[in-house]
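Peer 1: Okay, here's what each chain looks like letter by letter:
Protein chains: 2
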Amino acid sequence: MQVVILGGGGFIGLRLAKKLLEDGRLNLGEITQLTLVDIAFPEDAPKDPRLEYIKADFSDEATIRKVLQKQPGLIFHLAAIVSGEAEKNLDLGMRINFHASLQLLELCRTLAFHPRIVFASSVAVFGGDVAKVILDETGAKPRSSYGTQKAMVELLINDYSRRGFIDGRSLRLPTITVRPGKPNAATSSFVSAIIREPLNGKATTYPVPSETEVWIQSPKRVIQNFIHAANIDEKILGDDRVINLAGLTTTIQEMIHSLDRITSPEVTRLISYEPDEFLQSIVLTWPPNFDPRRANTLGFVRDSSSEEIIRSYMEEEGIMNAFNK
Amino acid sequence: MQVVILGGGGFIGLRLAKKLLEDGRLNLGEITQLTLVDIAFPEDAPKDPRLEYIKADFSDEATIRKVLQKQPGLIFHLAAIVSGEAEKNLDLGMRINFHASLQLLELCRTLAFHPRIVFASSVAVFGGDVAKVILDETGAKPRSSYGTQKAMVELLINDYSRRGFIDGRSLRLPTITVRPGKPNAATSSFVSAIIREPLNGKATTYPVPSETEVWIQSPKRVIQNFIHAANIDEKILGDDRVINLAGLTTTIQEMIHSLDRITSPEVTRLISYEPDEFLQSIVLTWPPNFDPRRANTLGFVRDSSSEEIIRSYMEEEGIMNAFNK
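Chain order of the listed sequences is A and B.
Using our numbering, the first residue of the first sequence is number 1, and each one after it goes up by one.
Using our numbering, the first residue of the second sequence is number 1001, and each one after it goes up by one.
Next up, chain A with everything else stripped away, as it sits in the complex (with noise of 0.2 Å):
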């Protein structure tokens, strides 16, 4: 079976992308090529005579129907423009969070081979009164053009779904932290920057207050759910294809308070308050509590603490060592 990853080239794709070919296989079959598109790729990434990297622009029509007429029997997507910009740009977030999204599906129907597709939607689909808890029924109010955008794929997919076109299913990820590497536009960026940066040595601040509530999940554990995702049998899920993941619910203070039981007062000394309007804007939008029965019952995994969540990053980037604890 071929499988694609749409946006194949980013930390989540390039994870997901290393797991798969660790397992092999999946529910539907023996994964013998795995097609990776995005814009761009970094030079440490993987070499696997099952590997295909393909560099383009996810909303190029051309490149899309020639990855689709080998008709893949599974596709990730997880292709976007992150929420920062894609609130700072509404053209470009709408073109490639939402007509690309559309595009690929219309061409899904056209080529008439139902293809499994796992969309990675977002807790940005959210906002309004964050005190209340959320549940698998509660609506979508996104506060955000990322969000609102995520939820209208959302709808199609079930749609498309429900039609017989594809086989989706859309998973609403809490925020993805530790995330390795440099700081990006995604307005949640500071996030895994308070953990990294100090780790690293290096000076870093939050945006919001530290009693700030977050709905976080470890990259592990989204992988890990992804994959999950893709191997649930259609009848199971039926008409809804939407599932609230099961995140774990922390606050900022909280996390700096873990690293600093894991490491040092020398290591959280790097990190600051520094208020920040526009991101304040969006961030305290999202509700932090949920209940995701569904998620629950159909298996998914979550994060135990947010100390866990720090020690598996620290394991995984081989900074463990450093810290006799």
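Rather than coming from a laboratory, the hints here were simulated on the basis of the structure.
Please note that a few of the clues may not be correct.
[Unchecked claim] In silico contact screen, one side only, chain A against chain B (beta carbon under 8 Å); selected entries:
(1) G128
(2) A140
(3) S145
(4) T148
(5) M152
(6) S272
Virtual Cβ for every residue (Gly too), placed ideally from N, Cα, C.
Based on these hints, arrange chain B on the given structure of chain A.
Peer 2: Chain B alone, transformed into the frame defined by chain A:
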């Protein structure tokens, strides 16, 4: 102030136009011109110096641009491909219900005149477990392409309002009953037909079991609610511009019994059950039970009984005197 009704040639559009001309003004100001845009208008459409008729497809960019260049202060957007047709012809539904609506919003954004827009959304945005009571925060889970398209436009209207391009408000309309005229391609067409047709001495059928609950509102109340929506101050609405109206929950059986009480068994004898799989597959996914707190708080009106709705229709149509009750 110039007012525009997109889809102004339909039954609701024309009735809304008459009421607006009768009232002469809204909270936003005096109505100096009322422009109706539609693909067709009936021969007996009203005459008034303030009225302008534009015969054009709502998706025609040049026409809509021309209409918007006059910078109307208020736009009622009722233009749509109805549910049955949108389900049978996905391309047509997407083109009119979704893409043309997006084009309207984009033109408002480009022309930068921040019009108030009242959008006719629908109960069809809901679907799934119809036993549940729909709260204001319940998520849109359409089980039709029509409902999907309406839900997507609601999201856009919220986002474009939040960004300050428009001042939108989306009303989720119950099934409008009793519609005069002829049956149409709406999957809910029978809800009006079971009253209207026998009153005209014609046999008619309903496609769902008689105990099926429906969520209805009379044309009179719908018109009042459209005007009320146009009169509410933007500040009261905040970022969420979607409102579940307060429909009346009744059953097909109760509607027929009401008709029987008002008229005679000779009339209701003309109504029979004829199951239709296609219509059931859509109509039976529409939840009939709502707790529309926001609509009540905001002062939207509702009907009190199906008998009241039928009597109101008969009075409007001048057929009340035929029955001595």
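Peer 1: Could you run down the list of hints and mark each one as holding or not?
Peer 2: Consistency of the hints with the structure:
1. G128: 6 Å, holds
2. A140: Holds - the Cβ of A140 (chain A) comes within 8 Å of chain B, reaching about 6 Å at its closest.
3. S145: At 6 Å from the nearest chain B Cβ, S145 (chain A) passes the 8 Å test, so the hint holds.
4. T148: 4 Å, holds
5. M152: Status holds, d = 5 Å.
6. S272: Since chain B brings no Cβ nearer than about 31 Å to S272 (chain A), farther than 8 Å, the hint is violated.
Taken one by one, the earlier hints fail for this structure only at number 6.
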